[in-house]
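A.B. asks: Protein sequences, first through last, are from chains A and B. The first sequence begins at 1 in our numbering and counts up one residue at a time. The second sequence begins at 1001 in our numbering and counts up one residue at a time.
Don't read these hints as lab results, they were simulated from the structure. Keep in mind that this is a model prediction, so the values were computed, not measured. There may be inaccurate statements among the hints.
Okay, derived cross-link-like pairs now, DSS-like style, lysine-lysine, Cα gap no bigger than 27 Å in a straight line [what the hints assert, rightly or not]:
| no. | chain 1 | residue 1 | chain 2 | residue 2 |
| --- | --- | --- | --- | --- |
| 1 | A | K251 | B | K1283 |
| 2 | B | K1280 | A | K258 |
| 3 | B | K1187 | A | K258 |
| 4 | A | K156 | A | K108 |
| 5 | B | K1215 | A | K251 |
| 6 | A | K154 | B | K1310 |
| 7 | B | K1310 | B | K1320 |
| 8 | B | K1310 | A | K237 |
| 9 | B | K1187 | A | K147 |
| 10 | A | K251 | B | K1290 |
| 11 | B | K1130 | A | K19 |
| 12 | A | K251 | B | K1318 |
| 13 | B | K1187 | A | K156 |
| 14 | B | K1130 | A | K228 |
| 15 | B | K1310 | A | K2 |
| 16 | A | K154 | B | K1180 |
| 17 | B | K1290 | A | K237 |
| 18 | B | K1215 | A | K147 |
| 19 | B | K1280 | A | K251 |
| 20 | B | K1283 | A | K237 |
| 21 | B | K1231 | B | K1187 |
| 22 | A | K51 | B | K1187 |
Example chain B residues on the side facing chain A (calculated, C-beta under 8 Å, incomplete) [as the list claims (entries may be wrong)]:
| no. | residue |
| --- | --- |
| 23 | K1174 |
| 24 | P1178 |
| 25 | K1187 |
| 26 | N1293 |
| 27 | A1298 |
| 28 | A1300 |
| 29 | A1303 |
Just so you know, even glycine gets a beta-carbon here, dropped at the ideal spot from N, CA and C.
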Amino acid sequence: MKIFTCIKYVPDTSEAEVKLDAGGTAVDSSRFSFDINDADNYAVEESVLIKEKYEGDVTVVSIGPKNSDVMIRMAMAKGCDRAIRIEDDRIASYDPLMVARVLAGAIKDQEFDLVFTGCMAEDYGQAVTGVALAEILGIPHAAYVKKVELEDGKLKAHRELEGGLMEVVEITTPAVLTIQTGINEPRYAPIRGIRQAQKKELKVVNLDDLGVPADEVSAEASQIVLEKLYIPVVESKAEIIEGAPEEKAEKLASILVKGGLL
Amino acid sequence: MGNVLVLAEHRQGELRDITFEMLTLAPSVAEALGGEITVLLLGNEIDQMAEKIAGYGVKVLVVDDPLFADYNSDKYQKVLSALIDDLKPKLVMVGQTAQGADLAPALAVEKNLPYLSDIVGLEVEDGAIKVTRQFYSGKVNARYAFKPADTALVAVREAAFEAAAPSAAGAVEKIDSPLKEDLDYRKFVEYIEAEIGDVDITQSEILVGIGRGLKEDKNLPLAEELAAVMKADLCGSRAACDAGWLPSDRQVGTSGKTVQPKLYLCMGVSGAFQHVAGIKGAKTIVAINKDPNAPIFAEADYAIIDDLHKVVPQLTEKLKELKG
Ligand SMILES: Cc1cc2nc3c(=O)[nH]c(=O)nc-3n(C[C@H](O)[C@H](O)[C@H](O)COP(=O)(O)OP(=O)(O)OC[C@H]3O[C@@H](n4cnc5c(N)ncnc54)[C@H](O)[C@@H]3O)c2cc1C
Ligand SMILES: Nc1ncnc2c1ncn2[C@@H]1O[C@H](COP(=O)(O)O)[C@@H](O)[C@H]1O
Chain A
1 MKIFTCIKYV
11 PDTSEAEVKL
21 DAGGTAVDSS
31 RFSFDINDAD
41 NYAVEESVLI
51 KEKYEGDVTV
61 VSIGPKNSDV
71 MIRMAMAKGC
81 DRAIRIEDDR
91 IASYDPLMVA
101 RVLAGAIKDQ
111 EFDLVFTGCM
121 AEDYGQAVTG
131 VALAEILGIP
141 HAAYVKKVEL
151 EDGKLKAHRE
161 LEGGLMEVVE
171 ITTPAVLTIQ
181 TGINEPRYAP
191 IRGIRQAQKK
201 ELKVVNLDDL
211 GVPADEVSAE
221 ASQIVLEKLY
231 IPVVESKAEI
241 IEGAPEEKAE
251 KLASILVKGG
261 LL
Chain B
1001 MGNVLVLAEH
1011 RQGELRDITF
1021 EMLTLAPSVA
1031 EALGGEITVL
1041 LLGNEIDQMA
1051 EKIAGYGVKV
1061 LVVDDPLFAD
1071 YNSDKYQKVL
1081 SALIDDLKPK
1091 LVMVGQTAQG
1101 ADLAPALAVE
1111 KNLPYLSDIV
1121 GLEVEDGAIK
1131 VTRQFYSGKV
1141 NARYAFKPAD
1151 TALVAVREAA
1161 FEAAAPSAAG
1171 AVEKIDSPLK
1181 EDLDYRKFVE
1191 YIEAEIGDVD
1201 ITQSEILVGI
1211 GRGLKEDKNL
1221 PLAEELAAVM
1231 KADLCGSRAA
1241 CDAGWLPSDR
1251 QVGTSGKTVQ
1261 PKLYLCMGVS
1271 GAFQHVAGIK
1281 GAKTIVAINK
1291 DPNAPIFAEA
1301 DYAIIDDLHK
1311 VVPQLTEKLK
1321 ELKG
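Just chain B, same shape as in the assembly (with noise of 0.2 Å):
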């Protein structure tokens, strides 16, 4: 049978997006093997999350265990593991996450399950699994299949799928944790919540972004005086934060911030999906990026070709003019 198992994400009693998009990719998926899919939902105290994804149809195995009350990926991969050989699923999905990439490597290798990870799209073609991925943070698209095998796991991208709606009614089955005791070797500790700075870039209207085009700090008035002149606050790329530029909670994307801004204009940021995915909420996005090629200009509004250093300041000085 080609069934197909998916782990479910949530953090601080929260579900995350991501086990919704990849309740959009299961269903085709399933069909086109003729399986049916099973979501696994481990925790504890989590009998509301079950019900919330019953609520797409699918069938809902839940461990709830004072042992699980959180996240550890190798308590995870023992459960996993179990249910492996219990249902025998033709597919398994987690989360390209923090939490996915910290456990899926592992129980592939234990398991010897044929594995792509960070995949951005998967059909079935004449019952064989096909995976798209991404190299070169998106200039190139890679297309793979598996070898045959009883078992294949992919870890999904988060955003790469929009999230699923609630469909039918389904199910909720509790099955006794397969792990009976805590492990000694990787234990919880604590969350540390982000910092928070001097700017609360999430609320903010207007938003200028560099990135590592900028190359040097000598370089940073020129988006410091843009942004003076637009009434915007500054924001970046990881690899602009990384560089010490800016401050880590100015960072935008996936490991930073999702801002929503009414303007965002980026210079010498290629648009890393990772990036993009903070930015889905600007409503108009000008990309500043010598290269033509940039996936950042997917997805901006207006689009300008060219070396920030010869564009910016000229920039500068004619909306100077313009506001007066």
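So that you can see chain A by itself, here it is in the shape it has in the complex (with noise of 0.2 Å):
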């Protein structure tokens, strides 16, 4: 089995006060610590189950910034084998589809079984690079998948859909899957695995080193075009119960037994 899983490297904001540039048109992104998409770690941990499995190896495939080379060599220290990082400010980042081009064009030539992605990255919450990737690279997918199922070189998918039902596709390959969370339970790096880590070839390539025209993912090539941010202002009705720790609780309380809540 020959495995491409692609990553990204977002911010986690859950704790982070959101700030914007003064155009309004960029996130300050200076004080948010970055790390793997929930979803890709899930994927690196599928793609790793599968190669321990089936034998094969996996090439991780992310593109992003310098920085990200530490979720890179995570990757590979929980067992991915090499990597492809690619960087170029040409690509219109914000648009899926130029993404998607992008990471076809790393992966096209190559000879591969499966190709993993998140189902979604938390960043902007799109959804939309796995499905795309299949359709350039002109091979099946399944999206949300929950569950991989390989045997007698058939591929079964089970695809989360809402309230938690399944649905099971069985697909040919070579195939893209995106994988939604919860499918498995990522490992921890062992020590050793981060030592070898180290030693695996992590390549470092630009547009032209793939051979991808720029003016068809640059800004320029995106039918979209991001014109504004602002924050959203939050209706909130809530009361809310201020104090020191201890006052909050017993307020709470007091509303919930008195206002018989409880």
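Two chains, two separate frames, one set of hints: put the complex together.
C.D. replies: Written out as structure tokens, the structure is:
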């Protein structure tokens, strides 16, 4: 099994205050901490599990800055064999269709059976890249996959639908699977793996190296225009319970009990 | 002509709400673009569904064929592709669902359509379509325009718009399937229903919800003890269930359960829309989160902005005292 696994370095904004630059066209990301996208972490684990079971090798592909090398090394520490990092300012990285074209450029001439992506990157919440990539590569796909079965050369993907219902589909390989969180239990990188990862190949390339014409993946090629960003006004009807933690607990307890909620 | 083409979504014999939510959005767009709404319905033995949709004052194009007995993104793509050539709609709308997200990106690539997913707003300004979507789980809104194109494609977030009410009688028109043969590279096998656990949280009167903010499973007793004094059942966000803190049948949200308790108290849950969609039926919502900008506070009736470790143990004690 030859597998390509696409991973993205994304900011953790769950606890952060998000600020915009003066022009309102970019997010000030200087104070964010970055890590592998949640779903991609599961995709890495799934590809390593398959490699361990059926032999083969896993290549990590990521479009991103030099800082993301720590994420890539971590994926290799967990068992991925090599990596390609694509860095090029000309890519319209806000448009997942352009991102998919670049990823396709890195994968299309290689030998592969499976391509994994996360089902969605948390930063922009698009859930587009994987399925677009399959179409560009001209191969079948299944999105939101929460179980992969490989038997007698057949691939069955369990797709997670709304309400937790699963749809099992059988598809031919090579194929793209977009992986949903919770499909497995991502491992921690073993110390030995972390050491080995330093010796594994991490190739850094640009569009010219890939033979992807820049004018096919740039802002000019993109058909969407990001006009402006703004912080939405959150309309909250909530009663905010103030005070020291103990006072807050006391007030809430009293509201719940006296208000007949409990 | 500025026509709008809407893809109806159904599963296991039922139209899904997103279909009617798109029909809330579509009329103003069609009017502003000076066109009409056509709804495409693909399936097998779907007369009743077609009639129901027509009751929203729209034209329904129906492909009723055994080849479409089950959803298959590749087959759907073939029909949509043919219809886009035929009808040249200005805008195509699908749901940002497990179905739409499996279909629309490939269609966009095939037809070279400008495409935006998971949209929460759409307006027409001077004939140009403007779209709003969100970054960072709702912390930032982004407004986009499409470059000039014959047809643009959007995937609409579920529950972002209220479902429309039926209006006037429309029309149903059956068309031949543009797809003549089954595909050999992707086949539907079966549905597997979600597992049923020990507690059915859809029936719970009081729920305590936990999220990633709980950080480690060793903190679970914090929530369990609170739930015990509140006589509540425990449930969680997807992150909490993925981490294995709770079994997946306790997950609340679009890919989990829709709950309707009298009281929902959650801690360390950010309030991603996929989670919030599952708690719309809760009567009273209490949220404990240390981030004042957490989207969950937009849903809450009572808000405590603080560290759950500081507040929750105290809350459990106070409730014990008050309830004797
Ligand atoms: C197709 C799809 C379907 C999905 N379906 C669902 C679904 O059904 N249900 C669901 O829940 N999600 C679903 N998700 C995931 C969803 O997008 C979010 O990732 C998820 O809800 C986040 O869970 P969370 O709120 O627990 O974690 P986070 O978003 O990481 O939030 C953690 C919160 O804890 C707070 N916190 C941290 N430490 C503390 C502390 N000490 N005290 C107080 N607060 C603290 C933080 O401020 C933060 O707000 C789905 C995603 C996809 C792509
Ligand atoms: N810059 C990138 N580099 C590598 N993979 C990416 C990149 N952007 C998106 N992907 C992959 O595509 C998936 C879906 O992203 P998105 O369509 O942006 O939600 C992610 O989970 C990744 O697997």
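A.B. asks: Find the hints from earlier in the document that the structure breaks and name them by number, from lowest to highest.
C.D. replies: As far as the earlier hints go, 3, 6, 15, 21, 23, 24 are violated by this structure, in ascending order.
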